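S.K.: Knowing the structure of chain A, use the given hints to seat chain B on it.
Chains as they are written, first to last, in my numbering: chain A, 1 to 219; chain B, 1 to 218.
Read the hints as simulated data drawn from the structure, not as lab findings. Predicted, not measured: the structure shown is a model, and the values here were computed from it. Beta carbons are placed, not taken as given, at the ideal position from N, Cα and C, and that holds for glycine. Be a bit skeptical, because a hint or two may be false.
Stated by the list, open to error - Rough simulated footprint, nothing fancy, chain B against chain A, three-plus residues with beta-carbon under 8 Å:
| no. | stretch |
| --- | --- |
| 1 | 74-82 |
| 2 | 85-98 |
What the hints assert, rightly or not - Residues of chain A placed beyond 12 Å of chain B at every Cβ, according to the derived structure:
| no. | residue |
| --- | --- |
| 3 | 42 |
| 4 | 173 |
| 5 | 181 |
| 6 | 185 |
| 7 | 189 |
| 8 | 192 |
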Amino acid sequence: MALPLLVIGNKKYSSWSLRAWIAFRHLGVPFEERRIPLYQPQSRAEILKYSAAGKVPALVDGPLTVHESIAILEYLNETHAQDRLLPRDVPTRARIRSVSAEMHAGFPNLRQNLPMNLARSPAPLALDDATRAETLRILSLWESLRVEFKDGGPYLFGAFSMADCMYLPVATRFHTYMLDLTAYPRARGYYESLMGLPAFQEWRQAGVTEKEVLPQFEK
Amino acid sequence: MPVPLLVIGSKRYSSWSLRPWIALKHLGIPFQERLIPLRQADTPARIREYSPAGKVPVLVDGDLTVHESIAILEYLNETHARERLLPRDAPTRARVRSVSAEMHAGFANVRRQLTINIGRKLALPALEEATRAEVQRILSLWEGLRAEHKGGGPFLFGAFGMADCMFLPVATRFHTYGVDLSGHPGARAYGEAMLALPAFQEWQGAAMAEPQIPLLDP
Chain A
1 MALPLLVIGN KKYSSWSLRA WIAFRHLGVP FEERRIPLYQ PQSRAEILKY SAAGKVPALV
61 DGPLTVHESI AILEYLNETH AQDRLLPRDV PTRARIRSVS AEMHAGFPNL RQNLPMNLAR
121 SPAPLALDDA TRAETLRILS LWESLRVEFK DGGPYLFGAF SMADCMYLPV ATRFHTYMLD
181 LTAYPRARGY YESLMGLPAF QEWRQAGVTE KEVLPQFEK
Chain B
1 MPVPLLVIGS KRYSSWSLRP WIALKHLGIP FQERLIPLRQ ADTPARIREY SPAGKVPVLV
61 DGDLTVHESI AILEYLNETH ARERLLPRDA PTRARVRSVS AEMHAGFANV RRQLTINIGR
121 KLALPALEEA TRAEVQRILS LWEGLRAEHK GGGPFLFGAF GMADCMFLPV ATRFHTYGVD
181 LSGHPGARAY GEAMLALPAF QEWQGAAMAE PQIPLLDP
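For reference, chain A alone in the conformation it holds in the complex (with noise of 0.2 Å):
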């Protein structure tokens, strides 16, 4: 039986199609990827081929193509990943998703002013009050999640789930934009054990060996 086939965009600057990488590559869930480079005059007709909505990712698993990265996670927890993306007991799968979904919809200041991109050289950027708002409730997110999580292991809910592929591409945005995680020593723990993942070094290191430049991810 083929396997399932990721669609994604840019590993430096696509954010979304990272969510949806990392949780098959941390759960060693086996899967083929093809790569299509974003704004190039071809992209949205390669896209188009894979999902009728036009966007990355995309996951095409035998007749089904499943789009938007957290129903692809809904997707793969239900089959692929056998419920390791999410747990069992009710009212936590129910935080789990609030925080996953807040951040699919939201933060759009941080996503707008801090893009993702993984070749940039670490330096700080002045934030807007919008921007650094969004960057607080981030912090004390983690931080709350992370004092009551802290005996489960070292993700968002103690275990590795959902919310952690979504936030990933936020820590990125922290260490490329130096953002001051002082006065969060949990929420630093955490990013940091986001960034250390095997999983993410490599999306990482195949980033920056990427030839195309985006400006408009170029801050």
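M.R.: Quick look at chain B alone, frame taken from chain A:
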């Protein structure tokens, strides 16, 4: 045991709030609601009494607080709604979640240019290219799903579910601004079916009885 409490914003303007509310009401699940009028001086503080994320809707169920409309729908599906918001088969669940997530995080131009205004009829603004593309994507998505699932019921995937809750606010936007649906008969019938839901009629009646909020109304 107390029934779950759904904290919502103004019914005229809170498209996010409508999504879990319609699920609870359409499925006949007992719940309490608390409406916090939007854009008032005390609105942020009142929302933060329930949710550290500072956003509506929020569902409070005993000790648990769930925020984000799509996460509330997932929670309801696993608890009070007894799996009536997602089908059983994994591939269809995945497709329902894909289009629901696409709505949750996307269509920014539709949301910006066709602002929600339940119960009013407003002139269609000149749609930007990006907005037109999003409208076309929504209509072709609806049209395709309705053609595929027409034997299973009048909703997007046949039976009522999470995707319908997510897209209902879009149907109200198309109605408010009179977006031309004539090239998409299946999509038009779907939008009309959504707006005719008794639960939505109840929401709309309450919305129209609310005072207008100038900051949110042209």
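S.K.: Each hint: holds or not?
M.R.: Structure-based check of each hint:
1. 74-82: As far as the stretch 74-82 of chain A goes, the hint holds, because 4 residues have Cβ atoms under 8 Å from chain B.
2. 85-98: Coverage by chain B holds for the stretch 85-98 of chain A (7 residues, Cβ < 8 Å).
3. 42: With a cut-off of 12 Å, residue 42 of chain A remains clear of chain B, as the shortest Cβ separation is near 18 Å.
4. 173: 17 Å, holds
5. 181: 19 Å, holds
6. 185: 19 Å, holds
7. 189: 21 Å, holds
8. 192: At roughly 24 Å from the nearest Cβ of chain B, residue 192 of chain A sits farther out than 12 Å, so the non-interface label holds.
When each numbered hint is compared with the structure, no violation occurs for any of them.
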